[in-house]
Structures are given as structure tokens and as C-alpha cells.
Amino acid sequence: MNIVVCIKQVPDSDKVTIDRETNRLNRAGVPSIINPFDENALEMALQLKDKHGGKVTVVSMGPPQAEEALRTALSHGADEAILISDRKFGGADTWATSYTISLAIKKLEEVDLILFGKQAIDGDTAQVGPGVAHFLDIPMLTYAKGVEVTGDTFKVDKVTEDGYEIWDIDKPAALTVVKEANELRMPSLKKKMAAKRAEIPCWGYDELNPIDENIGLAGSPTKVSKVFAPPVKLNKEILSGEPSEMITELIHKLKEQHVL
Amino acid sequence: MSTTKELWVYAEQRDGKLAGVVQELLSEGQILAEKAGFTLAAVLPSANGAELCQELYNFGAKKVYTIDDPKLANYQNDYYSRAVAQLINEMKPEIVLYGATTIGRSLAPTVAVMVNAGLTADCTELDFDVEAGNLLQTRPAFGGNIMATIICPDNRPQMSTVRSNVFKKTKLSDNEAGEQIEYPVDLSDVPERMRRLESVHEADTNSIDLNAAQFIVSGGRGVGKPENFKVIYDLAAELGAAVGASRATVDAGWISHHHQVGQTGKTVCPVIYVACGISGAIQHLAGMQSSDMIIAINKDPDAPIFDIADFGLIGDLHEIVPEFKKQIAAFKA
Chain F
1 MNIVVCIKQV PDSDKVTIDR ETNRLNRAGV PSIINPFDEN ALEMALQLKD KHGGKVTVVS
61 MGPPQAEEAL RTALSHGADE AILISDRKFG GADTWATSYT ISLAIKKLEE VDLILFGKQA
121 IDGDTAQVGP GVAHFLDIPM LTYAKGVEVT GDTFKVDKVT EDGYEIWDID KPAALTVVKE
181 ANELRMPSLK KKMAAKRAEI PCWGYDELNP IDENIGLAGS PTKVSKVFAP PVKLNKEILS
241 GEPSEMITEL IHKLKEQHVL
Chain X
1 MSTTKELWVY AEQRDGKLAG VVQELLSEGQ ILAEKAGFTL AAVLPSANGA ELCQELYNFG
61 AKKVYTIDDP KLANYQNDYY SRAVAQLINE MKPEIVLYGA TTIGRSLAPT VAVMVNAGLT
121 ADCTELDFDV EAGNLLQTRP AFGGNIMATI ICPDNRPQMS TVRSNVFKKT KLSDNEAGEQ
181 IEYPVDLSDV PERMRRLESV HEADTNSIDL NAAQFIVSGG RGVGKPENFK VIYDLAAELG
241 AAVGASRATV DAGWISHHHQ VGQTGKTVCP VIYVACGISG AIQHLAGMQS SDMIIAINKD
301 PDAPIFDIAD FGLIGDLHEI VPEFKKQIAA FKA
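For the protein sequence lines, the chains are F and X, in the order given.
Heads up, the final residue of the first sequence is numbered 260 in our numbering, and it's a clean run with no missing numbers.
Heads up, the final residue of the second sequence is numbered 333 in our numbering, and it's a clean run with no missing numbers.
I should point out that these hints are in silico values taken from the structure, not numbers from a laboratory.
Just so it is clear, CB atoms sit at the ideal spot from N, CA and C, and this is done for glycine as well.
You may find that some hints are simply not true.
Straight-line distance between alpha carbons at most 27 Å, and here's what the computed DSSO-like set of lysine-lysine pairs gives [to be verified]:
no.: 1; chain 1: X; residue 1: LYS35; chain 2: X; residue 2: LYS63
no.: 2; chain 1: F; residue 1: LYS255; chain 2: X; residue 2: LYS326
no.: 3; chain 1: X; residue 1: LYS332; chain 2: F; residue 2: LYS236
no.: 4; chain 1: X; residue 1: LYS332; chain 2: F; residue 2: LYS255
no.: 5; chain 1: X; residue 1: LYS299; chain 2: F; residue 2: LYS255
no.: 6; chain 1: F; residue 1: LYS171; chain 2: F; residue 2: LYS155
no.: 7; chain 1: F; residue 1: LYS255; chain 2: X; residue 2: LYS168
Partner residues aside, some chain X positions facing chain F, computed with beta carbon under 8 Å [stated by the list, open to error]:
no.: 8; residue: ARG105
no.: 9; residue: ILE146
no.: 10; residue: HIS257
no.: 11; residue: GLU323
Construct the entire structure; sequences and hints are all you get.
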């Protein structure tokens, strides 16, 4: 079985601090990691491979340094990696990104399953998985927690707001994967060594041969018009002292503001 | 083609019941439509749309496009995206708003690529630039430390997803007038590529959905040990609140991951968020800082959670939280 896992390199939010003066992020020196939800997608792929054999290919679109995330994925057990990178792809929103990634996946042979993390922690859009599935014309389920192979279909356990659903979905399929699915295995020393030396092909404009108006800024319907710091809380009240007095005052304030 | 421009709200239903966020979107949609001079309409794919139209009129929809088909009884991405995309291509609305639910977040991105539209996820504020004709879609980015306003200048429709509780519901009356427009869509050529076999609603000890909760009481490392979560549950029960948790407590196995609020958990937007023994790591703040009101209870006066709190209570949560519960009970009585 051939499984493709799409991963994104993101800044490690745990290491990001806020500048109290400017209310901006201190991003200098913040390490990059594989988007945490993509780790769950990778582990889901590796478990399927353990059970049914086959090949796990990781794909990432980003600047050249995204290769680092791909090497990390190889050290955890992925078989092959492909970097999608080109200056012409820069400035892509989720529409253009979905289109570009779909071109890369079309070049791969006989893909049975494409996995994504449920969303990336930097943009939080959760839009690229569904977008890629549409461009590839394959069925897609979001928020998958578990998957089993059942002949020519997959049986998928999918999280909903108040429970779960079981779906039967035809091959080839795309899934976005939630955190509760699993935990990514540790990299092995041997695979770590191999990952360092692995050849990672980079597919750019010439390899993917895209339609120009579908890529980069031109292919992106959404534009950022303005970026600003979130408004500061004005009427903040900090209470200390006896618990019962603090709570009495708090409840009084909540009544005043009609939230109780 | 419609003669006046339209703003649509996707009328999400499950088992024939409208999602709460639909009423919120219609209420905000009314304000936007008025400002833009658009007609507010709802689009309702289901097995039998007529039953739900009145509720949509009551929250401001002037028109409801019903797409009825037995295949649309329950959400199925291929059928729903085809139905909605076909209607969009034909009627050409200016704006389409969706709830950022598990369904909305499957449907909207699929429709966006089908109809060549821009889509902005998880907006916390919407406005309309009358001069340029652009929807101004504001959302938190980078863990909520930066706000970004996104526009979609060249493509139509402009589409956004919005979380529950971001906008307030305003019911106009119980018998608003509106027009149902039945819109048949032929789904016979859409291949059946996935089938729902089972749908289970789980009853948790605290089964209030975090995403839709009006009140949330959350526990962090300061709770100390798993059994201490009882005080959090007790206060939540008294307030009719959902129970949340920080990543540290979930990773430590004190509480199930269903409860995790934060960047790798759920993003929530309740009316009141009570953070108990939560220091306020960026990854947690990202999931809750757009709450209307934040009450923080923490021993450490320097905890970052106090920076974003409306009310900060410095002290031991094990004393303060039970007291809070006691006084709420007294207040209700």
C-alpha cells in the first residue's frame, strides 16, 4: 500500500515568547518543528505500513529549509521524501497550496491513501487537506482518529463534536488526522543516520508544470490586508486576599456586568 | 441570476436540527447585509428543508434555498459540496458564511476550491468595506498574538468560517416572513465514494461540547493531581459549564484529551472562561484568548494568564474554586 503524508514545517509555539512591551512574538531563534498534527498523520501511515506493508512517502511544500522537517520524518520511519519548493510558489494561500501539492501527488505512482494533520498550528486553517483531495478528485474525511483496511475501502473512525462516526471510504482516499489518533514513535538511531544522508528530490515549477494563474500569489484569492496586535484588556481587575471575599466581589462584578 | 446581491449563511443541520451557530451567523449576517445593501439568505441542503425554514426566517433570512434529496439527509462531503457549489455557481452570492464546525470545516474548504473562492478560517470579526465591496475578515494568527484582516478582492463569493459564540443570536420574532426557494440538484452522477456506517453520540461525565459552551471551567497543572479535578467538575456543574484542561494535565494523564484547550487541542470562545491553576503558556492562550471574559485563578501573581484575564484571583485554587461553587449555588438559590 502506498501512503502519502503531507507535512508542514512550523515554528515551535512552545518556544515562542511574547514581548510584553510591543505585544509581538519573539520569533528569533525559535526552532522549527513538524506541525504536531502531521506527526499523528505520519504515525497513522507507519502503523498501516507495519500491518500491510508498502511505502510511506512524506511530502512538504515550503522554503528550502523545510527539507529539515522531511529528514525528521524519515528518521521516524518514512521511506521517501519529496520537497515542493520554488520561489514561484511563494505567497500561496491555501487554494494555491492545495493546487500545487496536488500536482506533486499526481506524479507519484498508485497512491492508496493521503494523510494530513487536521490543521497546522501556525495558520490553523485546516483547508489544505480538503483542497488537495478535491484537486485529485478523491473522497475525503476530516478529523480521522483511526483507520482500517477493508479490501478496496478504508473503514474510518472520525471524531465529531459529541462523539464519533464510522465511515467506509473508497480507495484512494484522503484523511485529515486528529491528535488522539496516536503518538509518533521515536526515531531509531539507524534511521536517523540514514535520514541525514537521504537524497530528497526538490520539485519546483519545471517539475510540476503548473498553470501560472493557479500558483503563488496569483493563485491565491485571499490577501492579508492588515496585521495588528490584539486589543489589550482595559478594565482588568486583580483581586487577592480571603477566598470568600474575593469570590463575593467577583460575583458582584459579574452581576453588574450582567453575565450572571 | 438574482437581481440584488446576496449574503448567504450555510444552514448546517444534523438529524434535521439546525446547528446553534447558524442563528449566530444569521444575526451577524443581517448587520453585514444591511451595511452592504445585500439580501440575507440561507442555503439548506437536507432531506426535508421546509421544516427548518421558519427558524431561519426568524433569525433574519429573507430567503431560504432548500436543496432536498434523500442523499442529503446526513452530511456527506461529496454530495453536500456538489449541491452547495452548484447553487453558488448559479446564483453567484457575494458572501457565504459557514460555522467552523467539523462539518463546516470539511464543506467550506471543498466548496472554496470547487468554485474558485477565497476562504478565511475561524474569523472572530467581520465587517464590510462598502467602497471596495470587500468583506473584512479578521482572525487571530500565530497562536492569537497577532490579528490579521484578510480580504478577497478579485474572487466571488468571499467565504469565511466562524466559530460558535463569536456572534450573538438575535431572534426577530417567532413568525417572520420569508421565501422558500426549492432548488433541485441532480446528484445521480456523483459517484458514491463514501458511506456513513454508524454515528455515535458519546455521553461523557461532562458532555457539554467545549466548542459550543457558554461557560468553561478549565484546570491546569495547579490542580495538582487527577482526583483534584473534582473541584473543577463541581464548579462546572454548578455553572452549567464545560470542563477544559491544559495540555500539561492531558499529557500527564489526569484528564482525557477531549478536554484539552489550546493550540493542539480545541479553540474555544465562551462567554466566561475560568482558568484554574493554568499558568498561561502561549499554546494554551492560543485556544482561549478570544473568550468574552477570562477569570484566572492562580497562586503565582506573575503567571502570564493574568496578562489576558479580565478578573485575576491570586490564591490557592483548592480554596477559591470550592468557594466559587458555594457562592454560585447560593446566588442561584
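Hint-by-hint comparison with the structure:
Proximity of LYS35 (chain X) to LYS63 (chain X) is assessed by CA-CA distance (about 18 Å); at most 27 Å being required, the pair is judged to hold. For the proposed pair LYS255 (chain F) and LYS326 (chain X), the alpha carbon gap of about 16 Å is at most 27 Å, so the pair holds. For the proposed pair LYS332 (chain X) and LYS236 (chain F), the alpha carbon gap of about 26 Å is at most 27 Å, so the pair holds. Distance hint between LYS332 (chain X) and LYS255 (chain F) is fulfilled; the C-alpha atoms sit about 12 Å from each other, no more than 27 Å.
With a C-alpha separation of about 25 Å, the suggested pairing of LYS299 (chain X) with LYS255 (chain F) holds against the 27 Å cut-off. For the hint linking LYS171 (chain F) to LYS155 (chain F), the alpha-carbon distance of about 10 Å falls within 27 Å, and the restraint holds. With a CA separation close to 19 Å, the supplied pair LYS255 (chain F) and LYS168 (chain X) stays within the 27 Å bound. With 8 Å as the threshold, the beta carbon of ARG105 (chain X) comes within range of chain F, its nearest partner Cβ sitting at about 5 Å, so the hint holds.
A distance limit of 8 Å between C-beta atoms decides the matter here; for ILE146 (chain X) the minimum to chain F is near 6 Å, and the interface restraint holds. Annotation: HIS257 (chain X) was flagged as interfacial toward chain F, and the flag holds, the nearest CB pair being 5 Å apart, inside 8 Å. The restraint placing GLU323 (chain X) at the interface with chain F holds, with a minimum CB-CB distance near 4 Å, inside the 8 Å limit.
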